[in-house]
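**Q** All residue numbers for the sequence shown refer to UniProt numbering, where the first residue is 1 and numbers rise by one.
The hints are simulated quantities; they were obtained by calculation from the structure and are not laboratory data. Each residue gets a CB set at the ideal place from its N, CA and C atoms; glycine is no exception. Careful: at least some of the hints might be erroneous.
[Unchecked claim] 25 Å max Cα-Cα, derived SDA-like pairs, lysine to any residue:
no. : residue 1 : residue 2
1   : Lys181    : Arg67
2   : Lys181    : Gly241
3   : Lys182    : Arg136
[What the hints assert, rightly or not] With beta-carbon atoms standing in for the labels, derived distance ranges:
no. : residue 1 : residue 2 : range
4   : Arg136    : Ala183    : 16 to 24 Å
5   : Asp141    : Val237    : 22 to 30 Å
6   : Glu142    : Asp253    : 31 to 39 Å
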Amino acid sequence: MAQAREWEFAGVRGAVAARIWAADDPRYVAVLAHGYGEHLGRYGHVADALVRHGATVCGPDHMGHGRSAGERVLVEDYEDVVADLHTVVEAARDDRPDLPIVLIGHSMGGMIAARYAQAHGDVLTALVLSGPVLGRWRTVDELLPLDEMPDEPIDTATLSRDPSVGAAYTADPLVWHGPFKKATVRALDACLRRVDETGTLGALPTLWVHGADDRLVPLDGTRIGIDRVRGADLTEVIYPGARHEVFNETNRDEVLGDVTAFIDRVLERAASSA
């Protein structure tokens with residue numbers, strides 16, 4: 001298993017904890033953006049697969065998440081999260097300016113990654129969106145009109161068909177197990193609208209992977225958003241029976257294989273056109 005090195009930087013709203021899994025002779029940099037309520041420490045197996053594939057992997061715990069500073073899961077403006085992510089990307093570019101950068105975002109991190117690509121797509125070689133919160137998310141639609149946020153724990157069976165995933169999620173002290181913050185719900189709604197209104201991803205090669213049985217971020221709502229941002233080079237893979245966390249699903253090896261095969265195709269095409 002690849003070993004992570006932790007570092008910290010001054011983010012927009014406080015200290016941001018970040019990790020890097022370094023490859024000996026990397027072919028590219030993979031930047032990870034995690035989902036709501038979780039942290040990058042849950043992505044060690046993803047980083048390990050990417051390091052073995054030839055990547056140096058890095059990413060932050062978003063503000064208010066994991067080991068980063070801030071009130072838990074409070075995000076008042078997702079442009080701040082995008083700015084923190086850009087700091088990580090720029091650090092990677094400063095360290096290895098010769099390497100292409102692939103951005104991989106899951107769930108809320110998929111929304112952040114899509115927004116990042118709209119704002120800074122010129123620094124990316126490829127984008128991977130896993131179960132991204134885009135288009136219409138019923139969680140936001142249901143919570144936005146409420147004055148008080150309900151404290152209803154997530155049904156961990158919706159994460160994966162592998163029950164050990166839900167058990168680990170429940171036992172993880174760095175995972176948020178409480179209710180949404182109203183300001184975060186408003187910020188999610190604003191970011192979803194901003195992504196919709198900003199336009200397509202242009203020529204950026206993009207892979208969208210999603211579980212067909214995703215009950216946390218249902219496929220139909222995400223497809224609305226994908227149709228609004230899709231550019232000229234979109235690859236779509238929907239996994240029958242898979243739930244929300246496709247990187248943690250019972251067919252995780254297939255999913256990670258599809259991701260690395262997509263990256264290979266993009267890198268080979270970029271090299272041949274250089």
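**Q** Now, for every hint given, state plainly whether the structure supports it.
**A** Right, here's what the structure says about each hint:
no., hint, in the structure
1, Lys181 - Arg67, "holds (18 Å)"
2, Lys181 - Gly241, "violated (31 Å)"
3, Lys182 - Arg136, "holds (18 Å)"
4, Arg136 - Ala183: 16 to 24 Å, "holds (20 Å)"
5, Asp141 - Val237: 22 to 30 Å, "holds (26 Å)"
6, Glu142 - Asp253: 31 to 39 Å, "holds (35 Å)"
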